[in-house]
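J.: In order, the protein sequence lines correspond to chains A and B.
Everything in the first sequence is counted per my numbering, starting at 1 for the first residue and increasing by one.
Everything in the second sequence is counted per my numbering, starting at 1 for the first residue and increasing by one.
Calculated from the structure, these hints are not laboratory results.
Keep in mind it's a predicted model, so treat the numbers as computed, not measured.
Among the hints, erroneous ones may be present.
Claimed, not checked - Derived, one-sided and incomplete: chain A residues facing chain B with beta-carbon distance under 7 angstroms:
hint, residue
1, 43
2, 47
3, 62
4, 65
5, 118
6, 144
7, 172
8, 286
Ideal Cβ positions, reconstructed from N, Cα and C, are used throughout, including at glycine.
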Amino acid sequence: MTAAATAPEAVRDQARASSPKPRTRRRPTLFHVFMIVAVVVWLLPIGWMVVLAVSDNHLLQLKTQTLIPQGFTLDNIVTELRGSRIPRWFLNSVVVTGVTTLGTVVTSAMAGYAFGRLKFRFQTPLFVLTLAGLMVPREAMFIPLYLMFSETGQLNSYQGLFLPRIALPLGVFIMTQFFRAVPHEMEEAARIDGAGHARIFLSIMLPLARPAMAALAIFAFVQSWNDYLWPLVVATNPHFFTLTVGLAQQQGSFDAANSLGSLMARGLIGSLPLVIVFLLFQRQLIRGIALGSGEK
Amino acid sequence: MAEHTASRGRTARGDGAAALVFLSPFLVLAVVFILYPVGQALYMSFFDFDLLTQTATNFGLQNYREMFGGSDLTWSATSMLTWRIPLLLLAGAVVVRGTRRPGAKRTLTVVAVLLLLVVALGVHPGAHGSWNDQRFWAALQHTIEFTVISTPLLMALGLGLAILVNRPGRLSTVYRTAFFLPYVLPVSVVTLIWIYLLNPDRGLAVKLTDALGIPPIDYLNSPSFALPAVILTTIWWTVGFNLVLFLAGLQDIDPHLYEAAALDGASRWASFVNITVPGLRRVSMLVLVTQVVASFQVFGQVYIMTRGGPGDSSLVLIQNVYQTGIRDAKLGYASAQSIVLLALILVVSLVELRFLREDADS
Numbered sequence: 001m002t003a004a005a006t007a008p009e010a011v012r013d014q015a016r017a018s019s020p021k022p023r024t025r026r027r028p029t030l031f032h033v034f035m036i037v038a039v040v041v042w043l044l045p046i047g048w049m050v051v052l053a054v055s056d057n058h059l060l061q062l063k064t065q066t067l068i069p070q071g072f073t074l075d076n077i078v079t080e081l082r083g084s085r086i087p088r089w090f091l092n093s094v095v096v097t098g099v100t101t102l103g104t105v106v107t108s109a110m111a112g113y114a115f116g117r118l119k120f121r122f123q124t125p126l127f128v129l130t131l132a133g134l135m136v137p138r139e140a141m142f143i144p145l146y147l148m149f150s151e152t153g154q155l156n157s158y159q160g161l162f163l164p165r166i167a168l169p170l171g172v173f174i175m176t177q178f179f180r181a182v183p184h185e186m187e188e189a190a191r192i193d194g195a196g197h198a199r200i201f202l203s204i205m206l207p208l209a210r211p212a213m214a215a216l217a218i219f220a221f222v223q224s225w226n227d228y229l230w231p232l233v234v235a236t237n238p239h240f241f242t243l244t245v246g247l248a249q250q251q252g253s254f255d256a257a258n259s260l261g262s263l264m265a266r267g268l269i270g271s272l273p274l275v276i277v278f279l280l281f282q283r284q285l286i287r288g289i290a291l292g293s294g295e296k
Numbered sequence: 001m002a003e004h005t006a007s008r009g010r011t012a013r014g015d016g017a018a019a020l021v022f023l024s025p026f027l028v029l030a031v032v033f034i035l036y037p038v039g040q041a042l043y044m045s046f047f048d049f050d051l052l053t054q055t056a057t058n059f060g061l062q063n064y065r066e067m068f069g070g071s072d073l074t075w076s077a078t079s080m081l082t083w084r085i086p087l088l089l090l091a092g093a094v095v096v097r098g099t100r101r102p103g104a105k106r107t108l109t110v111v112a113v114l115l116l117l118v119v120a121l122g123v124h125p126g127a128h129g130s131w132n133d134q135r136f137w138a139a140l141q142h143t144i145e146f147t148v149i150s151t152p153l154l155m156a157l158g159l160g161l162a163i164l165v166n167r168p169g170r171l172s173t174v175y176r177t178a179f180f181l182p183y184v185l186p187v188s189v190v191t192l193i194w195i196y197l198l199n200p201d202r203g204l205a206v207k208l209t210d211a212l213g214i215p216p217i218d219y220l221n222s223p224s225f226a227l228p229a230v231i232l233t234t235i236w237w238t239v240g241f242n243l244v245l246f247l248a249g250l251q252d253i254d255p256h257l258y259e260a261a262a263l264d265g266a267s268r269w270a271s272f273v274n275i276t277v278p279g280l281r282r283v284s285m286l287v288l289v290t291q292v293v294a295s296f297q298v299f300g301q302v303y304i305m306t307r308g309g310p311g312d313s314s315l316v317l318i319q320n321v322y323q324t325g326i327r328d329a330k331l332g333y334a335s336a337q338s339i340v341l342l343a344l345i346l347v348v349s350l351v352e353l354r355f356l357r358e359d360a361d362s
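The following block holds chain B by itself, in its conformation from the complex (with noise of 0.2 angstroms):
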């Protein structure tokens, strides 16, 4: 973009009538069916509107107060322990890179923030209270556990493909089109295969635990194993997706560094660490960028193969905003999720960009 303002006095006056011509049809497009729509949810984020009655009443931050309070709120050192655990030796983590290297600044601000979620993380209703509003708990907690699980492996079984694909010749070519396959398959005929796949019943699946004498499992119909399930559908349908971006990644390496590493008498092992894995910091953040907002907006083959259950237990937010605004036709208090939801994924995905950036000039 530095080229445009140092050029720019020479040429500003004459493109402006042009550019108008080329640009207006994405920008009315552009306007009414993205800018339009995000200032409107905000906007009805505030008022109870009701769909079957076409009334809207201003509620001002009821919605909210709905979405995020409860009654008999206390703090306690030790609720969710399973989840604040892992945050604080992930700020440990940051604390012990962070004197490593330059950068006290970006440190501290990751520091804080992991720390001040830790603390938020001890509120919980006591013992005669409770959240107003359990399943939006429930579905922003399965959520996050779809996006932490399912991204990781996602992320290394897609390098580990690339780099398994990453040489010459036909077959090679063979085998990258067999991995990407799924990804160009609809998600609802996902799901149909996966379904029947996981059947306790008739499925293939029951088939090959049986031979290893585990019992059947009912996967889609137990509570701890729905979730699990669709995650594994998931990294089968996308993996492929991330394979090429990594593939991209790997390809831009100059190969000269593996030559001059072979002929200092480098392991396979040591050039992978110094030289595959700086070379694609690039591409693994933005894959990285891309998994999670996928992850946080997923809802096809979840909402296909288990309507958020057993009970709420794979319910994930995008099916909550449909159910409440779709179903129970209450616009507004969706608008509101939707709402909480762009912003999760602008904070995440600008931390995100910060530390590409930083990354990329470092």
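If we strip away everything but chain A, and leave its shape as in the complex, we get (with noise of 0.2 angstroms):
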């Protein structure tokens, strides 16, 4: 755990591509060209979505293996937009997100000061633990939840959909390690001064981590997002379901062959807000991957 108290130092100009190796770049043409043929190909299981979405529902069941447009039309998009549930979808995934994502980057950032900046009793013990709440498989243990909301009349419900999701013990893991790091000058001037702790906490503390803080907001708001387990679990009622919920629910259903438009409109939708939170945000998300993998 040494090196760990270096982290938001060493993570921070790594979404750049920094300090530049000295390579031999011989024929960097041929390279690109290598590259940009694998990325185009990456993207093409995209790109066909896309293709699709935008295509005709009827022309489709004569040829769906081209990536031309077939009879170019907003239709399935406008459609989808406006008579299916997707928006209802939409709604509950923002909230969801919305909350869970504010609540994680809160409890976590506290709980990241207590650990990295006070004393106290039982502090090892208690942090040990959260470090052991990493290895707990969230994924294996939605039979008691379950039981817990369904006791309690909570499934399909908003509480129900985020109140477990979040205590994540790697956010605060994360945030104890960039406050452990923070230099013992800058509170001591506010000490002096006779701050406490919550004044310390909310103007100096707070403004310092805020990058490491969106860091963990957008890892945070992606997991969240695309959780599909507990939703699936814990909301029976279409009303209540995510996006992601909602989207993998209809593409069993036998019809899809005929409306396979309409369906890439929707996969469409469904993925275009986190497409676009990355490409705005992509620096502190790959940031945020490289903090939490840190150290453990």
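Two chains, each in its own frame: build the complex with the hints.
T.: As structure tokens, this is what we get:
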């Protein structure tokens, strides 16, 4: 755990490819041609989804193995946004993901401050217990959680969807590592002025931790938006499906073959929010992953 | 953590109350939604808990007997050879490695565990017997197959791509973004794309294999192709995550090492073997731990793409827990399976973390 103290510094610049290696770049053009071909092949499945989503449903019954839209139309997308349950599921996902992300960041930052900056009894055992929580498989523990929510009549509820996902040991771990690395001088002046823990936390530590919290927030956002098993278990009423569960629900149905364009339009709508978030905040997301992996 | 214990004497009195305030939101949620469920699952695993009738009958070890037991079990040296021979070879490799490096105790432990496993795999039902729960064993087998096949592929591809994009320039960022992009798609979108991509009549995959002269295959409805198809999908979906982890590791390696090696006239391959590989040891172990833990919990893509079929040919553990608990309403038995999975994950990650620590120390 020694190198962990430097984690925030170490990853600060990892998002951009700094510290270039002294490579002999003999044939850069050939390299880029190869890479561009690889990227195109890699993104082909997504491209195909987009092509089918803007194709006419009837024409798709004749020909799907193409990368040219068949009878270009935006009808599929518009219809899905208007007449289907997609907007409702989208809203559910937004609410659940929003609360989960906010809750995760707030509880992790507070607990991280306690573990990283305060001294108290049982500190080490509590921290070890938190680390042990990293190893509890979330996917495997849904049976007791399901029972808990079903006995209290909270299946099909927003709190059922987000409550079990807020406590994130990984988040506490990341924030603890961050706060530990903050030099003592930062808070000493404030302490001399008589500031208490609340003041120090709110006006010194939180502003400093903004990059780490942003990284954690985006990480939590992606995890929560894409969560599948728990929402599948806790929500049986389609009104409380998240987008991920709702989209999966329709893939088994047989009429899907006749409306491939609509189906793919749903997929496109379901992936757009995350793709946009990712493209806007990719540096933070990638830093979040690097931070989370820093040390264990 | 040493830093705490060192300075504790000085400040142990002051911060207790503040710590309670700052910790309580996380601790309350963690106790209610992580710690308690683990305890509850363990407790429930000893009961026949029927959700429909809301009754809990004390079952003792019955659930575990149902899971692991069978009738007319025998042992033979030849059963499950395809699993036991690789394990034996692995044990041999550990012995060879152990003779070259210090740390005899660790080597002995690992070899003992491997040999025990080899012996245990010889147990099988006799001519007139069978396992109590065939589905559990099928699910366990497929979960391990999924893990053992996908992990090396995901690590090798992740490392390879990381090396390719680890150079300055805007284009490298574009490549990294492109390879990472599938990771942010929800599982239901990934499966939507791949179910149709692999469709024997209408998918792009058929067109591709057609060009190569291979007859169309109904991948997801074929017992021998269903699990590999899910693995392929998983690799496409998640390799970007490993790419980022390896990229972080690569950028932690001191560039001066490469300069020095280049001055000494080392080839690219030589500097890869002597600088990159050792420099990535920590991050590789970490990717391995994360990857294995995630693979043991695989569910979404398998469930949506194949429903575990055809037959039980792609059934995995979490799906079995889900069906036992939610569909069949046998919560006690499902809990017992969760506990076995928890134990498996704990053992595997503790072993891996032990290696991680010792490797870091050496």
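J.: Could you tell me which of the hints above the structure violates, numbers in ascending order?
T.: 2, 3
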